[in-house]
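Residues in the sequence shown are numbered from 792 upward in steps of one, following my numbering.
Bear in mind the hints are in silico, worked out from the structure with no lab data behind them. Worth double-checking, as some hints may not be accurate.
Unchecked claim - With a cut-off of at most 25 Å between alpha-carbon atoms, the simulated BS3-like pairs for lysine-lysine come out as follows:
1. Lys982 with Lys1024
2. Lys960 with Lys929
3. Lys929 with Lys1212
4. Lys1212 with Lys982
5. Lys929 with Lys847
6. Lys1115 with Lys1212
7. Lys960 with Lys1024
8. Lys929 with Lys1024
9. Lys1115 with Lys1074
10. Lys1074 with Lys893
11. Lys847 with Lys836
What the hints assert, rightly or not - Using C-beta positions, here's what the derived DEER-type ranges look like:
12. Gly989 with Gln1196: 58 to 68 Å
13. Gly808 with Glu884: 33 to 43 Å
14. Glu1081 with Asp804: 54 to 64 Å
Nothing here was measured: the structure is a model prediction, and the numbers come from that model. A virtual CB, placed ideally from N, CA and C, is assigned to each residue, including glycine.
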Amino acid sequence: MSAAGSQTSQVFDLIFGLLELHGFHTNEAQASICSVTPTTIHNWKTGKVKALNSGKLEEVIARIYFLSKRRGVDLVGEPSLCPIVIEEGAGPEDLERELREKWDSVYLGHKFLYYHPAGAMAWTQLLATGYGNTLLSKGFVSALTAALGGSSRTSAPKLGAALRWTEGKSCGVDLISLGPGDGAKEAHAIKLLIDHSGPNHRLIDWLTYTPVDVSIPLLRLASEKARNLIRDKVESERWPHFLVRPSCSDFEDGNIGFAGHLSEADDDRRLVLFLGGTFGNLKSETVFVERTLSRVLRPGDLLWLEVGVRQTRIEDDALYALAKGGLGDTQETVRRALVEGPHRRFRASVGSLLESNMRIIPRDGGVTCEVPRSHNFVHDVDINASGQRCSVLYSRRYDVAALQQWLLGFGYETLFEHAVKDSLDRDRTAHLLLRRARA
């Protein structure tokens, strides 16, 4: 390092620090980037050269800027939208291979529903066919608004306080969405964070939005919605403070490599959004909390969870009617296309004529219900002519108080709770803001 008070040496320290950050560590590598000789690099490091002339300094700055663009981070143009990073084992070809290996197993899993473009399309169609997406979207906006700004139902803005905004302190925000779908709710979340961050968004030092999914088509939708929202809401001089970094990653079974790009600074905050009831689709909630959340969230970081609520009478749940064959409408047709899609595509690829018929089986408790008092609507499909079936999708409903107590056992304390009611004044979904209290 340079001696204290040596401004020119500190400039060189900064240059070499940035070059090393981009992976260029040797004199030879750094010389190739700066268009000089290794001897010149040595002279810069040893202090034989005290300063760069303005022309050379501008050239070096331009090269370092190029290295940032080369890695997919453009901090000058539109609000930054990085290319989709595909983690090892999470690409389309990886999931195709895994599907071929697991298609006749007793459990497949929800990630195989969405990764294929046809599956992504079926999912978006499901939202548009009586799923209640408008109600659920408005409910999320209402819940997040109350958590950020306070309301008659909450004595204080719980999320604003957790971000320290109520103290007038700013912070960097890593906003991570696990399974964002089309990203509409996440775009609402970014808008509300911007709206509540004070004049000129001064309470946001920076915000990096990381949507995480195995579906590249849905990641594109989610990322572009966020980028467009930032472009419309934020003045151009503030664009460099906002970054959208999509990650094609299996957050349930994969490497969780995206966590390596999150800020480690104590004053910055991580907020994980787990919306749309995806928590209830997991193979194991316990494994997810212990494996994934423990690697993404530090003590003090935040989890926003949206879950389906268990009805007092299970017959009042729309999936119960579907399980009993009581709908027979467009929603059932689209849900079948989504759930049966992976096996249909596999059978088409191998020339099998066997139909993949979906059946929904309500299960109250049991091995697929790790959270006390939860109810699971298991979506099965036929996998052979002898009647063997494969569970493709779990769709759980939760007793909210029991879920909160269960999460507390893993060190997650509830800061805020909000129920979204249907037209009959029944709780349809619940939103929970939780803070990781301990490691």
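Tested hints:
| no. | hint | in the structure |
| --- | --- | --- |
| 1 | Lys982 with Lys1024 | 7 Å, holds |
| 2 | Lys960 with Lys929 | 29 Å, violated |
| 3 | Lys929 with Lys1212 | 11 Å, holds |
| 4 | Lys1212 with Lys982 | 23 Å, holds |
| 5 | Lys929 with Lys847 | 55 Å, violated |
| 6 | Lys1115 with Lys1212 | 24 Å, holds |
| 7 | Lys960 with Lys1024 | 22 Å, holds |
| 8 | Lys929 with Lys1024 | 20 Å, holds |
| 9 | Lys1115 with Lys1074 | 24 Å, holds |
| 10 | Lys1074 with Lys893 | 15 Å, holds |
| 11 | Lys847 with Lys836 | 16 Å, holds |
| 12 | Gly989 with Gln1196: 58 to 68 Å | 36 Å, violated |
| 13 | Gly808 with Glu884: 33 to 43 Å | 38 Å, holds |
| 14 | Glu1081 with Asp804: 54 to 64 Å | 42 Å, violated |
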